[in-house]
Amino acid sequence: MPRNRSSSRRATRARGAVRRRLTSGGWVAVATTAMVIGSSLTAYGAYYDIYGNISQENIDTDAFGDRPTKVDGAVNIMVIGSDVRTGDNANYGTAEGERPDTLVIAHLSPERNGATLVNLPRDSLVALPDCPATETKPGQSAHTGMIGEAMNNGGVQCLWKTVEQLTGVHIDHFVSVDFTGFKGMVDSLGGVDMCIPTDLKDEKAKLDLKAGQQTLNGEQSLAYVRSRYAQGDGSDLGRIERQQEFMGAMLRKVTSGDILSSPTTLYDFLGSVTNSITTDDGLTVDTMADIAIAMREADMSNIRFITVPNGPAPQDPNRIAWTEPDASQLFQAIAEDADLSGGEEESSGGSAKKEEEPEESAPAVEPSQVAVEVVNGTGVSGLASEVATALGAEGFQVVGTGNPMDAVPEQTTVYYGTGQEAHAQTLADALQTATITENPALGTTVQLVLAGDWNGVKGASSGELPESAKGTTAEKPANACG
Numbered sequence: 138m139p140r141n142r143s144s145s146r147r148a149t150r151a152r153g154a155v156r157r158r159l160t161s162g163g164w165v166a167v168a169t170t171a172m173v174i175g176s177s178l179t180a181y182g183a184y185y186d187i188y189g190n191i192s193q194e195n196i197d198t199d200a201f202g203d204r205p206t207k208v209d210g211a212v213n214i215m216v217i218g219s220d221v222r223t224g225d226n227a228n229y230g231t232a233e234g235e236r237p238d239t240l241v242i243a244h245l246s247p248e249r250n251g252a253t254l255v256n257l258p259r260d261s262l263v264a265l266p267d268c269p270a271t272e273t274k275p276g277q278s279a280h281t282g283m284i285g286e287a288m289n290n291g292g293v294q295c296l297w298k299t300v301e302q303l304t305g306v307h308i309d310h311f312v313s314v315d316f317t318g319f320k321g322m323v324d325s326l327g328g329v330d331m332c333i334p335t336d337l338k339d340e341k342a343k344l345d346l347k348a349g350q351q352t353l354n355g356e357q358s359l360a361y362v363r364s365r366y367a368q369g370d371g372s373d374l375g376r377i378e379r380q381q382e383f384m385g386a387m388l389r390k391v392t393s394g395d396i397l398s399s400p401t402t403l404y405d406f407l408g409s410v411t412n413s414i415t416t417d418d419g420l421t422v423d424t425m426a427d428i429a430i431a432m433r434e435a436d437m438s439n440i441r442f443i444t445v446p447n448g449p450a451p452q453d454p455n456r457i458a459w460t461e462p463d464a465s466q467l468f469q470a471i472a473e474d475a476d477l478s479g480g481e482e483e484s485s486g487g488s489a490k491k492e493e494e495p496e497e498s499a500p501a502v503e504p505s506q507v508a509v510e511v512v513n514g515t516g517v518s519g520l521a522s523e524v525a526t527a528l529g530a531e532g533f534q535v536v537g538t539g540n541p542m543d544a545v546p547e548q549t550t551v552y553y554g555t556g557q558e559a560h561a562q563t564l565a566d567a568l569q570t571a572t573i574t575e576n577p578a579l580g581t582t583v584q585l586v587l588a589g590d591w592n593g594v595k596g597a598s599s600g601e602l603p604e605s606a607k608g609t610t611a612e613k614p615a616n617a618c619g
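Numbers in this note's numbering are just positions in the sequence shown, counted from 1, shifted up by 137.
Please keep in mind that the hints were generated in silico from the structure rather than gathered at the bench. Note that the structure is predicted; figures quoted are calculated from it, not measured. Some hints could be false.
Said to hold, decoys possible - Below, in silico cross-link-like pairs of lysine-lysine (BS3-like), each with a Cα-Cα straight-line distance of 25 Å or less: (1) Lys607 <-> Lys595; (2) Lys390 <-> Lys347; (3) Lys607 <-> Lys347; (4) Lys390 <-> Lys607; (5) Lys613 <-> Lys390.
My request is simple: use the sequences and hints to build the entire structure.
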């Protein structure tokens with residue numbers, strides 16, 4: 138069960154921002170490592186001086202409407218690497234518009250002494266929400282498209298809204314980083330130690346490395362995390378794996394003790410970071426310090442890298458579709474700040490008990506054939522998104538969420554159109570408490586209206602992840618270089 142939740146809506150004052158970003162793997166390392174060591178800044182008198190370098194942007198989360206609820210104590214940061222090629226970053230090619238080349242939800246869980254970083258592949262085909270036009274963006278109507286279109290059409294605010302609606306995870310802040318800052322950050326660390334199993338050459342990414350254990354400087358590191366064609370099948374999924382490996386190595390370098398013990402190195406490192414990031418204006422210096430203090434004791438075995446479970450999109454094998462119910466189970470675990478360490482609580486006794494349970498008869502209609510709209514008739518903010526995620530984890534096809542247009546029933550009710558009674562019954566059977574009622578005005582989508590007696594989904598995830606979402610940790614891997 139999730140811990141106590143509290144609403145987290147706020148409106149912040151607008152500030153001008155000159156946004157500068159990083160296209161690949163260094164962004165997550167920047168965000169996480171900066172928070173891990175940021176608490177040491179006050180000791181060196183550089184705290185506010187360095188923070189003043191950060192560009193900030195206003196995000197009006199109140200405009201999102203019904204948002205996922207927030208778990209007390211956990212922090213979720215949307216980390217963006219943009220494909221914009223301006224200023225010093227123009228040396229790395231050209232690209233029209235502005236899309237996230239890489240996109241991550243960084244879930245920081247101080248109470249569990251760890252963090253989970255979930256990659257959302259840029260080639261993902263998803264349901265995009267309506268976003269209004271801005272001074273610099275055209276806006277968009279709701280449609281199916283690649284996830285990065287949200288940022289191109291509506292800016293960071295639209296991307297933030299998209300990620301929340303797709304995942305049911307409450308996003309607290311965003312961080313964006315650029316190429317040149319990443320290089321400077323690596324160089325301020327004295328490089329990052331990596332094992333390169335084989336010679337790597339990728340002219341497009343300007344990568345040329347010989348096999349062996351070595352320390353990569355900023356330029357080499359940037360080439361390594363950007364490369365798609367030097368190893369593997371040349372896909373973005375293969376590149377994500379290499380980025381995660383690099384991020385683990387960088388986190389180990391930052392938390393090894395050398396950075397924390399040297400005021401000069403720490404100042405250079407944080408100077409490189411803050412000169413190159415953009416955040417929302419709610420990510421204040423005090424908030425960063427609170428996160429850093431809470432996370433500084435995190436064990437590398439509790440820092441987990443996961444790519445959302447996925448496969449080829451049915452409509453286009455060159456694009457990605459998120460695999461259900463695995464993806465929804467992962468997002469529900471993140472949204473509830475569940476224990477993702479995995480496996481420790483399982484036992485043969487538990488398995489035996491499970492075998493003794495009577496088998497349930499198969500439903501007349503499979504959950505995957507039931508399209509559901511979730512309507513929040515309660516006073517709990519974000520409940521519709523939370524329930525939508527839980528239903529997705531059980532295999533239902535959630536097509537939308539919203540607030541009631543008519544009077545709310547006294548009991549949680551599944552409304553169904555003509556010929557859809559079996560579909561409604563399958564949904565009702567998956568809920569702790571619900572009744573079904575026909576509404577001839579509805580089509581093939583059943584409507585779940587949550588009322589004051591709402592008591593949850595029977596099979597809601599308890600935090601155990603499917604095998605496809607186990608991922609890797611930041612612990613040092615076996616050294617293939619010998």
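Taking the hints in turn, this is what the structure says about them:
A threshold of 25 Å between alpha carbons decides the hint, and for Lys607 with Lys595 the separation of about 23 Å falls inside it, so the pair holds. Pair hint Lys390 plus Lys347 holds up; C-alpha atoms about 22 Å apart against a cutoff of 25 Å. With a CA separation close to 31 Å, the supplied pair Lys607 and Lys347 exceeds the 25 Å bound. Restraint check for Lys390 and Lys607: the C-alpha separation of about 24 Å stays at or below 25 Å, so the hint holds.
Distance hint between Lys613 and Lys390 is fulfilled; the C-alpha atoms sit about 11 Å from each other, no more than 25 Å.
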